[in-house]
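Participant: Taken in order, these protein sequences are the chains called A and B. Counting in the working numbering, the final residue of the first sequence is number 289, and the numbers go up one at a time with none missing. Counting in the working numbering, the final residue of the second sequence is number 118, and the numbers go up one at a time with none missing.
The set of hints was computed from the structure by calculation and includes no laboratory data. Mixed in with the good hints, there may be bad ones.
Per label pair, the in silico range of CB-to-CB distance [to be verified]:
hint, chain 1, residue 1, chain 2, residue 2, range
1, A, 124, B, 32, 37 to 43 Å
2, A, 61, B, 113, 32 to 38 Å
3, A, 43, B, 117, 28 to 34 Å
4, B, 117, A, 87, 57 to 63 Å
Backbone N, C-alpha and C define an ideal beta-carbon position, used for all residues, glycine too.
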Amino acid sequence: MQRRIRTDRSASSARNGKTSIGVYKLLKDTARAVGGALVFSLPMLMTMEMWSLGFTIDRLRLALLMVLAVPLLTELSHQIGYEHTVRRTDDLMDAMFAIGVGGATALILLICFGVVHHAMPPEEAIGKVAIQTVPAAMGALLARSQFGSRSEDKIVEKKETYPGEMFLMGIGALFLGFNVAPTEEIVLIAYRMTPWHALAVVALSLFVMHGFVFALGFRGGAELGPDTPWWSALVRFTLPGYVLALLISLYVLWTFERTEGAAFSQILLTAIVLGLPSSVGAAAARLIL
Amino acid sequence: MVEWLTGIASGCLLLALVGYLLFLAVFENGEAPTLVLAPESVTQTAGRFHMRFTLTNQGDSAAAEVRVKARSPEEPSPAGEVVFDYVPAGSTRRGTLVFAGDPAVLRIALEVVSYREP
Numbered sequence: 001m002q003r004r005i006r007t008d009r010s011a012s013s014a015r016n017g018k019t020s021i022g023v024y025k026l027l028k029d030t031a032r033a034v035g036g037a038l039v040f041s042l043p044m045l046m047t048m049e050m051w052s053l054g055f056t057i058d059r060l061r062l063a064l065l066m067v068l069a070v071p072l073l074t075e076l077s078h079q080i081g082y083e084h085t086v087r088r089t090d091d092l093m094d095a096m097f098a099i100g101v102g103g104a105t106a107l108i109l110l111i112c113f114g115v116v117h118h119a120m121p122p123e124e125a126i127g128k129v130a131i132q133t134v135p136a137a138m139g140a141l142l143a144r145s146q147f148g149s150r151s152e153d154k155i156v157e158k159k160e161t162y163p164g165e166m167f168l169m170g171i172g173a174l175f176l177g178f179n180v181a182p183t184e185e186i187v188l189i190a191y192r193m194t195p196w197h198a199l200a201v202v203a204l205s206l207f208v209m210h211g212f213v214f215a216l217g218f219r220g221g222a223e224l225g226p227d228t229p230w231w232s233a234l235v236r237f238t239l240p241g242y243v244l245a246l247l248i249s250l251y252v253l254w255t256f257e258r259t260e261g262a263a264f265s266q267i268l269l270t271a272i273v274l275g276l277p278s279s280v281g282a283a284a285a286r287l288i289l
Numbered sequence: 001m002v003e004w005l006t007g008i009a010s011g012c013l014l015l016a017l018v019g020y021l022l023f024l025a026v027f028e029n030g031e032a033p034t035l036v037l038a039p040e041s042v043t044q045t046a047g048r049f050h051m052r053f054t055l056t057n058q059g060d061s062a063a064a065e066v067r068v069k070a071r072s073p074e075e076p077s078p079a080g081e082v083v084f085d086y087v088p089a090g091s092t093r094r095g096t097l098v099f100a101g102d103p104a105v106l107r108i109a110l111e112v113v114s115y116r117e118p
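Isolated chain A, as found in the complex:
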């Protein structure tokens, strides 16, 4: 009798231990995600233009951004996941968790800053939080690879693929592009530039990108080794990477309504200006992510 009670007690304490480990892991994961969301979105949360974009942005464009964020974050979770055979539903859950954490972080901070308050129409508050949610969610998701891995014992070097490499470059471009695109300065720089300046920025972007590609030894279908000629890496990684960065810059500018009523040449110049940070983000993605 005595013995039986003891076993029962130890079984229940083991069960308690298991749930407390589960709660501990959830808390730790959430804290890590909030940390990542803060690191990535604080610059945007404290940018005035982002607040006004919250109510001026075209609702359809905002909705498109939110909808696109789901497959984007799911694929990102797949790309940075350490486990080799991670299931797609797990990735989707990760993406949803990141969006939840990102949205909550943005909401709490915007309330603290007095940007979102009770006297505001709900549309405006929702717009202000929604536009911040995407970068914050990216940060929340990336925190896993930034602040240590989910399961240190299971680190398996993933096989790098060319589309995977391009995807990560795109995420890097989107992240840095998102950070600077809302500011007035991007369009202002474009207004002040002549086409000669634009040509110099294109050359500089390509040069900087190629430096990163070269220094980080990009992988893909074929590894870049010391015997790979420089032009091979330039054609296979730098040029597509830069075009990708420009296209993402155009998308971000369109989302933030920086292309409204502007001439074609002006849109192009603005995309080239935003293309500089975007291309640095794209090339450095391997370093950051």
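The hints should help you fit chain B onto chain A, whose structure is shown.
Facilitator: Frame of chain A; chain B shown alone:
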């Protein structure tokens, strides 16, 4: 193979971009902003007349703080003004001026009074 095809396609796009920029650099010589005003519509809301207009910069360089004023020969005092932060080359901006009376009766004329280089 895919890598090379993507690379070559990107290279062609960038060449086109550089070509276009060179074309702009050679053939657009940054002449002064040419600001053209065009009234669009007049609507009456809550007893006031809202006059919508477009401002287009047909020149090659951007203008900042473009001040548009309305003048009426019927009333000596200036009828109102709008300031546009930036009007880049080739771009169109919209604005609205509000009047107590019908702009057609008041014979309102719009004009750009000042701007600066960004």
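Participant: Tell me, which hint numbers fail for this structure?
Facilitator: none
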